[in-house]
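Top to bottom, those sequences are chains P, W and R.
Take the first sequence: its letters are residues 0 to 286, numbered as in numbering that gives the first Met the number 0.
Take the second sequence: its letters are residues 0 to 264, numbered as in numbering that gives the first Met the number 0.
Take the third sequence: its letters are residues 0 to 294, numbered as in numbering that gives the first Met the number 0.
Just so you know, the hints here were simulated from the structure itself, not pulled from any lab data.
Remember, predicted model here, so these are calculated numbers, not experimental data.
Careful: at least some of the hints might be erroneous.
[Said to hold, decoys possible] If the Cβ cut is set under 8 Å, some of the chain R residues that face chain P in the computed set are:
no.	residue
1	Val21
2	Val23
3	Gly28
4	Met67
5	Gly216
6	Leu271
[Stated by the list, open to error] Straight line, CA to CA, 20 Å or less: simulated SDA-like cross-link-like pairs of lysine to any residue:
no.	chain 1	residue 1	chain 2	residue 2
7	R	Lys287	P	Phe104
8	P	Lys9	W	Ser128
9	R	Lys101	W	Leu69
10	R	Lys102	W	Thr74
11	W	Lys106	R	Pro173
12	R	Lys101	W	Tyr26
13	R	Lys101	R	Arg170
14	P	Lys13	R	Lys193
15	R	Lys101	W	Tyr27
16	R	Lys174	W	Thr58
17	R	Lys101	W	Asp68
18	R	Lys288	P	Asn108
19	R	Lys193	P	Phe173
20	P	Lys9	W	Lys99
21	R	Lys101	P	Ile17
22	W	Lys112	R	Lys101
23	P	Lys162	P	Phe173
24	R	Lys193	P	Phe15
All C-beta atoms, glycine included, are put in the ideal place defined by N, C-alpha and C.
As a plain string of letters, each chain reads:
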Amino acid sequence: MNRKHLISPKSQDKLFKIFAALCTGLVLLTLLVLLIDIGIKGIQRINWSFFTNLPSRHPEESGIYTALAGMVGLLFFTVIIALPIGILSGIYLQEYGKRNKLAKFIEINISNLAGVPSVIYGILGLQLFVRTAGFGNSILSGALTLALLIMPVIIVSTREAIKAVPDSLREASFGLGATKWQTVRRVVLPASFGGILTGIILSTSRAIGETAPLIVVGALAYVPFVPEGPMDQYTSLPIQIFNWTSRPQQGFVVNAAAGIIVLLLFTFILNGTAIYLRNRWYKKTAI
Amino acid sequence: MVQKDSYITEGSPYGIYKLRVEGLNLYYGTKQALKDISIKIAPNTVTAFIGPSGCGKSTFLRCFNRMNDLIENVTITGSVMVDDIDIYKNMIDVYQYRKKIGMVFQKPNPFPKSIFENVAFGLRINGESSKSVLQGIVESALRQAALWEEVKDNLNKSALTLSGGQQQRLCIARAIAVKPSVLLMDEPASSLDPISTAKIEELIYQLKDQFTIVIVTHNMQQAARVSDKTAFFYLGELIEFDKTDKIFTNPSKEATQNYITGRFG
Amino acid sequence: MNRIRIRSEKVIEWIMILCSLVSVLTTIGIILVLSVDAFKFFKEVPFVDFLTDTQWTPLFEDKHFGIMPLLSGTLLTTTIAILLAVPVGITIAVFLNEYASKKFTSVVKPLLEVLAAVPTVVYGFFALQFVTPLLQKVIPGLAGFNALSPGIVMGIMIIPYITSLSEDALRAVPKSLREAAYGLGANRFQTAFKVIVPAANSGIVVSVILAISRALGETMIVAIAAGQQPRLTFNPLESVETITTYIVQVSMGDVPQDSLEYRTIFAAGITLFAFTFLLNNISFWMRKKYQHRYE
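My request is simple: use the sequences and hints to build the entire structure.
Laid out in structure tokens, this is it:
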């Protein structure tokens, strides 16, 4: 009967296993190569002056001081804006509007927003914040744009975290005469804190790496000063990297690689923290 | 414990027992789930495994087709002989071997394919692609499973459109289409309504002519109705194995007596 | 006391509804912003020209406004990425779900997450500075900017995405189906590809659709490594410009506001948005339809 197969089921199984292991290995190898390649290219430039120097026409004197400052400021305002709105809408969708039409409509919206290319958010920010509202090429414009961009991530992870809180806790709280909001604030939110925090960190990590929308809303590549308020012009680390990458001189390629090392460190630390928190939190709630 | 056995069919090529287990122990990690089990099952009989939940009866059933291989950390010692071949010791191809042992599960689990493709599945994975061969076998399997009349006009409809009882009979048809010699049934009627259950029980009685059937059930009336012999399990041990009549009217062990009279379980 | 309480409950609920409406407003904002300026654009450039002209040169003296070169660049890089990412991504998902030990999976999955967390500007650098020179050694005629290298890197970037979504779909297939297949004597390969994958197909299709949408909208990798020459070609060895790259290119330049050149980014943007919006809605609809299949 086995002769009817072109390849016997047994060798099919073996061949697939080899192929799949190879695929997995190659993908992980790519990650390794990427890290090593960037490490080799950039490590020579990592020194104190790289962090404290302003951008310059000479690659070896150029640093990421303003880019780092811009990035921190940008992230600060992004999180400040996105956090309350994102968490409150997450709570509303999960705890209050589970069945009504409005909530369903909003849900479709969020799932759609999560799939909108980030560069399109840039166009929205350009027209809405930079031009119409007149905020110009400021940190505020960038932060508002990024806030809209990461909002779906915060909403979805807030909902997931809240969903994991067992109904018995809510019932216990209602049973004691608590109102809906009291239950949410004193029972549901504390119990889902770990999950919500994980979502916030992951969305921050996403915001750190975003480049395209910031270019569109006018983050500048050359900013020789540190922004002091939300209305100042700014640059950000990914923008600085992009700018260096597109220059022909080898010195700037080295700078770009060094900038990437710093950017990756930020990203990995944030993601690592999120994964750590998630695992810890799951262990706690998995009773 | 097993005395003269009147259920043995003449002409069985493999000794007088179809299934023979000796000194079987099974561990999940370090936890022992089955303790030193020995049993002999004659061909063309229906054997019922009864006992309270968690007693190991389902786990034991799954030893016969090495379904426990799918769980990590399971170790098995002792021997399970099917047709006098030890299925754990000899270098058998477990996938080829499983084709000889049909299995029907607690909940009907048809594949999300058409009725026809469900029954044809086992043949297709054996490389059978001739439409006429498939049609013949699918029809006869569905007839044997007493489902043919109900579905013959809708063979290309999704199996998920069938009722629960029909789905379970489809799963039986799917199992017997590959012509196994043993049919393992893990609480096959537990999720069904009484009428569907009656149909399944009637079917089991008819299928006995061609298969050696082992059925796990938590329903003692069912065991009494369909089986020739009954094995009572408790806390991972085989307490008593005898003719069904005897187990239900005059068991030798006190634990059995307590269970069938409903004192625990 | 009680009345105040009830009122404050209502106020809080309304604040939350307003917050939720921000996402609706964002969607409306995107559609409005894109269409208003795209509408102004199409008042000056006939829609037929936009679709049929084979040149895109809004920033030149001799202006042409044919979207096809940008579209072909976008589709070319996306196709390369998807051709790589879909088979590899699904293979890894099946491998992790059906073959690999728990221990192996618990090591590989976080590593794939790392891959997914790498910012796209980093992938762009990698494509331009590592993959392109590497490919040039194998393919002698390869241009410094080309569609192939960013396409491949984009594919690698998307793999974890497909793997994770497909794996969720595979895991959602009930254990009983797997047991039924094994019980009939199917081996791992047959169980995986004749039962589990077909049973999870809607979830896998969703993962592919979302991956395509992601590749269409990806910006930095192509902006860095594919070049900025709009060209109606399907030759992966040549330099191409995608819709997203064009938007970035115009944003970096000094294009006067309210000029026709400025509006081109809205026309290009709405084209891109239309594609991804369609794909996202298809996937949302599919997910809703098949979500409760096994519950």
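For each hint, the structure was consulted:
| no. | hint | result |
| --- | --- | --- |
| 1 | Val21 | 5 Å, holds |
| 2 | Val23 | 5 Å, holds |
| 3 | Gly28 | 6 Å, holds |
| 4 | Met67 | 19 Å, violated |
| 5 | Gly216 | 2 Å, holds |
| 6 | Leu271 | 6 Å, holds |
| 7 | Lys287/R with Phe104/P | 13 Å, holds |
| 8 | Lys9/P with Ser128/W | 18 Å, holds |
| 9 | Lys101/R with Leu69/W | 12 Å, holds |
| 10 | Lys102/R with Thr74/W | 19 Å, holds |
| 11 | Lys106/W with Pro173/R | 11 Å, holds |
| 12 | Lys101/R with Tyr26/W | 19 Å, holds |
| 13 | Lys101/R with Arg170/R | 13 Å, holds |
| 14 | Lys13/P with Lys193/R | 16 Å, holds |
| 15 | Lys101/R with Tyr27/W | 16 Å, holds |
| 16 | Lys174/R with Thr58/W | 16 Å, holds |
| 17 | Lys101/R with Asp68/W | 15 Å, holds |
| 18 | Lys288/R with Asn108/P | 17 Å, holds |
| 19 | Lys193/R with Phe173/P | 49 Å, violated |
| 20 | Lys9/P with Lys99/W | 18 Å, holds |
| 21 | Lys101/R with Ile17/P | 18 Å, holds |
| 22 | Lys112/W with Lys101/R | 30 Å, violated |
| 23 | Lys162/P with Phe173/P | 17 Å, holds |
| 24 | Lys193/R with Phe15/P | 14 Å, holds |
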